[in-house]
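Protein chains: 2
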Amino acid sequence: MLYTAPIDDIMFDLEHLSGWSEVGALPRYAGVELEDIRAALEACGRFCSEVVAPLGVAGDEAGAHLDAGRVSLPEGYAAAYGQFVEMGWQSLAHGPEHGGMGLPRAAGAAATEIVNAADTSFGLCPLLTDGAIDALTKNGSPAQKALYLEKLVSGQWSGTMNLTEPQAGSDLGRIRCRAEPGADGSYAISGTKIFITYGEHELSENIIHLVLARTPGAPEGPKGLSLFVVPKFLPDAAGNPGRRNAVTCSGLEHKLGVRASPTAVLNFEGATGYLVGEEMRGLPYMFVMMSTARFAVGVQGVAVADRAHQHALAYAEERVQGRAVDGSSAEAVAIARHPDVRRMLLRMRALTEGGRALAMATAGWLDLAEHGAETERAAAGAMAEFLVPLVKGFASERAVEVASLGVQVHGGMGFIEETGVARFYRDARILPIYEGTTAIQANDLLGRKVQRDGGATARRFAALVRETVAALRGGDMAAQAVAGRLERAAADFEASLAHLLETAPADANAAYAGSVPFLMLTGNLAVGWQLARSLLAAAARQAAGEDSAFLRRKIATARFFAEHVLIDSAAERLRIIEGAPSLLEADL
Amino acid sequence: MLYTAPIDDIMFDLEHLSGWSEVGALPRYAGVELEDIRAALEACGRFCSEVVAPLGVAGDEAGAHLDAGRVSLPEGYAAAYGQFVEMGWQSLAHGPEHGGMGLPRAAGAAATEIVNAADTSFGLCPLLTDGAIDALTKNGSPAQKALYLEKLVSGQWSGTMNLTEPQAGSDLGRIRCRAEPGADGSYAISGTKIFITYGEHELSENIIHLVLARTPGAPEGPKGLSLFVVPKFLPDAAGNPGRRNAVTCSGLEHKLGVRASPTAVLNFEGATGYLVGEEMRGLPYMFVMMSTARFAVGVQGVAVADRAHQHALAYAEERVQGRAVDGSSAEAVAIARHPDVRRMLLRMRALTEGGRALAMATAGWLDLAEHGAETERAAAGAMAEFLVPLVKGFASERAVEVASLGVQVHGGMGFIEETGVARFYRDARILPIYEGTTAIQANDLLGRKVQRDGGATARRFAALVRETVAALRGGDMAAQAVAGRLERAAADFEASLAHLLETAPADANAAYAGSVPFLMLTGNLAVGWQLARSLLAAAARQAAGEDSAFLRRKIATARFFAEHVLIDSAAERLRIIEGAPSLLEADL
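So the sequence lines, in the order shown, correspond to chains A and B. Counting from 712, one number per residue, gives the positions in the first sequence under our numbering. Counting from 712, one number per residue, gives the positions in the second sequence under our numbering.
These aren't lab readings, by the way, just hints derived from the structure by calculation. The structure displayed is predicted, hence computed values, not measured ones. A few of these clues could be false.
Given that identical chains are not distinguished, each listed pair holds provided it fits within a single copy or across any two copies.
With a Cα cut of at most 20 Å, we get these calculated SDA-like pairs of lysine to any residue [unchecked claim]: (1) K934 / E1042; (2) K849 / P1292; (3) K934 / A1035.
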């Protein structure tokens, strides 16, 4: 089997969780109907199943290769990318003013999931282009927008993010790359960047590198960084790729996973770069791209998890092995009938659909923050910013777990590369690392998203969760069961929040010792909340007379998550509130 | 860095946790002193660090290859294996009556750990030989013992376990391999076995396959299986390798990890086999080998985890990135100073040392069961059998987690194969699968080790844990803290046990829906118990005037485990007692 895009689940989330009643009513999306979105995603899904997914296994085996500065990708990649551009999938959620289809963020997230589920190595190229588009849309000059955006939105040109240097990984303040101003207003960029995803390749006609570098006399640390656009080919007068710029690829990494994607060492040797916005403001500008990419990496987590779940479910329903433990069959049965295999499959589904639900809900807030009524943007933006590290942190960590369970469901066959599920386990492992490790997401959550506003957004989040708890109280037995677990988890969150807000100013080490447990607690709660909302929406549709296996599954998933995953919040609370001394006082 | 054998921790466990006061007093080990064991393990550790560990990276890259029926292993393997045999490491814990060094099981477990930490692919060969030795020691005829044991104990010959067939994985009752009796008392073995670890290679002079097959007229299912010895080369009159037997290797698997170890498809085409014991009793005989191998796979988990921890700790103390969160340094610091990196490193250590502690304690019971006073063997054996699925289940699952954390500590570098830690993540993934998946261990625990004796052994286990709780109550603050957590976990275990004993007869599905959570709860409790015992032993040595960083670390590890890992028992209890309906009623 290959891959089937989960259109029904995506559309359910889009309609019921992503704030469609508000987002769909925005002037920005006037005329966009749910059926338009479904049609676009179905077409994208067909393309990805038929054209992209078949690239995966052979692509992983072949890998990307560097030969005399040129990067070759696995067979079929160039043709598939050409079709991807031609069909307009890069443009799906970008503005019509730059040639985009103009669908909402949630539809864009769905498309990102579908492409990355089909082949994560392939999906990384458009993922970074999306980030470059957002960074230039927000901070580029009118001339830069005119020159670059249409070609990036179409996918004709692709984008990259150039942060990391050998001494500067999570610590961007250590970036050394230099930018010397020239007479013509451009800058000469010099230095080495590493781990540059799709830093060199020939899928797109041009590559637009967004590069953090330091101008002469700029202060040390993160505040001395400026952002530059450094095209692989300098656009000529007509805006077409012209002279080759002085940026070369000197190496590709040999990686555990996403092996068909080129991860480049780039040498900038006096390359021509163009300043974005003002000098020294590079880091905040780059945060736009990073935030887009972080959200998208969370979505990649959903993608890899869904793929792993699809394979595991199909295998478990086919593989016959062992008699039923309840003696209900004298013959061996499909392993999906064994309780522990059910446990693994349901856990995989709950974590996958949960991550998707959270991502889709977050996409709604992102749209309201960008296109909503002027008076509501700040509040929507604060909520979106609170949720992005959860999407990234939760879905990427869970992708590793789900992919690992997918191998386990396959037993010995899972360990054989030809089965194809070991690849998901390898691919997933980068997700909690790139675009900011889980600890970086946790620091972002605790420092920027919680401490900075004194916990106001966090408390608003908890209040929204409690509104859902109240709504569940009016429901049936399954809703009641979920209400109890969700309320308990909300209380664990609130107690942890109060503790961290009190502790952090006086004893930062003690607070940050609990930062990742807090991220996981909050991520679990946010996901449990969204799945509880999906239970309510499914129950409402049932009450309106709709009866389907799909709705029953949605309710079962929410309940399983509450009773098997959400209950971890009590232990996280103990780690956060009582765990710091044993963590900080031990010798390593 | 490569690898340093953790001799101090091993000897601490051997002295304080493995029942040395009783085991060392057995007639079997008369004359064996702790210092002898330390000397042997130190020499084994040096050999493994200097000779075996350097094989790992290149060996993983090169892999095992099949060419015209012959298997070639990576360069250096043959020479290293030759030295391994010459130095006697295979024989370390085997009986002097067959040429062994005659050290106790705990020393054997330590040697298994050391070899497998140095290179898991290499370690698999002696691991299976150990199992074959135990199976033949217990069930072989005097002539078979005379013919095979000395050569297996020396490592001159190696052993394999032939269970799996394409349609028969976890479900051994589906084995189809046939054994036709011949006129001379031998049998002609025909069929195909897959996933045979070290099924073909030329490290050893001969390979002794232990094969489950079905004699003519034998009933269907597991009760129709018989066990055969099928040598690659039939021993001649002098007992030396003679004529090639009709068993050939027709393929090697392309695996996610342990890639230097050959995993063979073996075709038996009327191969000459010799019955072990009686016909139809093959499965119980094979269980001896399986039990030895399951314990050893748990030890492999400790090995891979320790290796991952050693690398992560070294990297974290060297890699400088980011300022201290408490503002104590204006400069960037080694990442080991960041609270979340400490959290990961301490978690890695606690899970690693915890797994080792449990394995060493279990080894003590295994020795008492085999060599103890006649009257005490049954009770010791029951406890050992209760603990073996925990060693296998806990340490193998935790190895995956620890190896994954090891990648995470390295950040982006962890994803690059040359860094060397992605290999541990790949290698670890087989451990919860082979020699019985985690679900199989959980079924074994709940079915054979708990239900069969009505929970008697499980209650004895809980009583022993409570003895340790009582001892901790008399200790200092750290001991008190651990006592509270351990007591709570013991209560969660007892409640879960009572629930499962009551539920299983009436509703097997509901009970087995909680089997893996029960395995993990019990494994965590068993490990927390052993680490608590190590805290008491360390505190006693401190009270006696010994002051060392090593003892402080042992105490800190026990406390960290109790406060960060053991606390998961409450959620496991909820899964076991309340989680079955949401698991069983959902549509997949």
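Those earlier numbered hints the structure runs against, lowest number first: 2
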